[in-house]
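Construct all of the structure, not just a fragment, from the sequences and the given hints.
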Amino acid sequence: MKNIIWWVRRDLRLHDNAALDHALQHSEYVIPLFILDPALLSTPISNRDRFLFGALRALDKDLQIKGSRLIVRRGNPRLILHKVVKESGAEMISAEADFSPYAKKRDEEIGRQFPLVTLGGLTVHPPQAVLKSDGDPYTVYTPFSRVWKSLPQPGQPLKVPETLPPVPKLLFSESIPESEVFEGFPPNEQAARERLDLFLSSAVFRYSNARNMLAEDGTSRISPYLKFGLLSMREAAQRAHDLIKMTENQTERASCNTWLNELIWREFYFSILAHFPGVARKSFRENLRGMRWFEDAKGLDAWQEGLTGYPVVDAAMRQLKQSGWMHNRARMITASFLTKDLLINWREGERWFMQHLIDGDLASNNGGWQWTAGTGTDAAPYFRIFNPILQSKKFDPKGEYIRRWVPELARVRNDDIHAPWENPDLILDYPAPIVDHRVARERALVTYKAAKQDWEDQSK
DNA sequence: TGAAATGTTGGGGCG
DNA sequence: ACGCCCCAACATTTC
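Residues 1 to 460 (the working numbering) make up the first sequence, in order.
Quick caveat, the hints were computed from the structure, so don't treat them as lab data. Careful: at least some of the hints might be erroneous.
As a list, the in silico PhoX-like pairs of lysine-lysine whose alpha-carbon atoms are at most 25 Å apart [claimed, not checked]: (1) K66 - K159; (2) K2 - K149; (3) K66 - K2; (4) K149 - K86; (5) K132 - K149; (6) K321 - K394; (7) K245 - K321; (8) K104 - K86; (9) K83 - K105; (10) K169 - K61.
Across the chosen pairs, the derived CB separations fall in these ranges [claimed, not checked]: (11) N261 - D217: 44 to 52 Å; (12) E178 - P424: 28 to 36 Å; (13) E295 - A410: 32 to 40 Å; (14) E442 - I244: 24 to 32 Å.
Quick reminder that beta carbons are idealized off the backbone N, C-alpha and C, glycines included.
So, in structure tokens, the structure goes:
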């Protein structure tokens with residue numbers, strides 16, 4: 001075969017890349033192509049896009065070391081592929097399979113026009129592989145994870161090719177837009193692998209507890225790398241399995257298992273989105289679709305800007321805006337605050353997170369928001385409302401996380417930092433709480449209950 | 001992958 | 001010594 005296009009989408013890596021491997025096995029000439037699809041890029045440019053641009057630059061560099069290079073084009077994928085196929089004489093397109101509603105539709109259309117081969121790798125198990133015995137998808141995490149774990153594990157990761165065939169000089173490539181550096185997340189494959197190695201060499205063994213501590217480096221922090229495939233999900237899961245097998249200390253082994261479960265949550269939400277694409281627009285649970293969310297522009301703005309008056313919420317929201325990433329525990333706290341304390345539609349929060357998270361992924365982000373809002377599959381019950389002060393005391397006991405992100409509170413003592421308004425002697429350039437949590441909690445219980453009741457009355 | 005409200009228990013102070 | 005109360009600590013139920 002003459003030429004084959006390796007269509008790079010969410011697999012910006014040379015390690016364990018089935019689509020690249022497939023291309024190399026079927027042709028001597030492989031053209032790595034990335035298409036900047038306006039339908040997937042944000043306006044204005046999001047943190048996620050900037051991270052992507054950095055990762056593209058790094059992939060191009062890595063490809064050049066191997067003798068190849070990355071072709072970048074901007075436009076509708078179908079039109080771009082049409083052009084590149086014509087220019088290069090490519091006879092096949094090899095790509096990693098994607099399961100989002102947009103990706104599925106795109107790939108179906110393109111598959112009708114071109115010989116497109118899609119291969120696994122975005123998830124360990126594709127959504128069609130984890131089903132109940134009657135063929136229905138799971139909507140509860142625990143049985144999903146049980147079946148997931150019972151499926152055969154992926155084999156050894158694919159090796160990085162020693163060398164790659166050159167790409168025709170005449171093939172035009174656009175320049176990659178400017179990016180910026182996000183602290184802690186260098187956008188290249190080597191940094192991604194180093195981060196995973198570091199995490200799996202120590203923090204994973206105390207993950208069960210440390211993952212909740214806001215000021216600690218206790219989580220893997222690989223989400224941005226999984227988002228764009230700088231790391232292979234299969235390799236991550238494989239290594240988690242290996243660690244569980246090899247770790248003798250029971251607490252440490254349990255921690256490794258907890259981390260594997262987090263990877264499986266990701267797979268669960270990919271499956272949910274694939275089988276229930278409607279979750280991207282509306283509540284999974286019918287009985288909360290009529291929920292009367294508040295139209296509270298001021299509240300939403302205070303939440304977005306980290307000016308709610310609740311230190312832990314504000315620290316988290318500022319971490320997001322300033323760094324492009326937020327600690328997972330903080331995501332739950334801020335999501336609970338928006339949906340329960342402010343009673344603002346979870347979709348507002350979902351959208352804001354997607355604009356600012358460098359790891360922003362439709363399936364995981366939507367799953368997480370619907371979980372917290374109580375509207376999703378296997379979601380937290382509506383009455384499970386986080387108390388931001390208690391969460392702060394539990395998971396940032398010394399206020400280190402708060403002080404790091406809310407400089408106005410840098411000099412506040414530990415006793416006062418979780419609820420500074422309770423000390424009348426404190427004079428701070430910091431807002432008073434925009435809601436009283438006790439009042440807001442009662443309000444949320446009533447409003448959620450009413451929504452459920454309305455639905456029951458209507459469906460009679 | 002909550003938290004508040006309510007219930008239960010048991011030790012200690014005290015008349 | 002005894003009964004009574006208080007309340008912390010823990011358990012259970014409820015939202």
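Each hint tested on the structure:
no.: 1; hint: K66 - K159; in the structure: 13 Å, holds
no.: 2; hint: K2 - K149; in the structure: 40 Å, violated
no.: 3; hint: K66 - K2; in the structure: 20 Å, holds
no.: 4; hint: K149 - K86; in the structure: 44 Å, violated
no.: 5; hint: K132 - K149; in the structure: 14 Å, holds
no.: 6; hint: K321 - K394; in the structure: 24 Å, holds
no.: 7; hint: K245 - K321; in the structure: 39 Å, violated
no.: 8; hint: K104 - K86; in the structure: 24 Å, holds
no.: 9; hint: K83 - K105; in the structure: 20 Å, holds
no.: 10; hint: K169 - K61; in the structure: 16 Å, holds
no.: 11; hint: N261 - D217: 44 to 52 Å; in the structure: 20 Å, violated
no.: 12; hint: E178 - P424: 28 to 36 Å; in the structure: 49 Å, violated
no.: 13; hint: E295 - A410: 32 to 40 Å; in the structure: 35 Å, holds
no.: 14; hint: E442 - I244: 24 to 32 Å; in the structure: 44 Å, violated
In this structure, the earlier hints numbered 2, 4, 7, 11, 12, 14 are contradicted, and the remaining ones agree with it.
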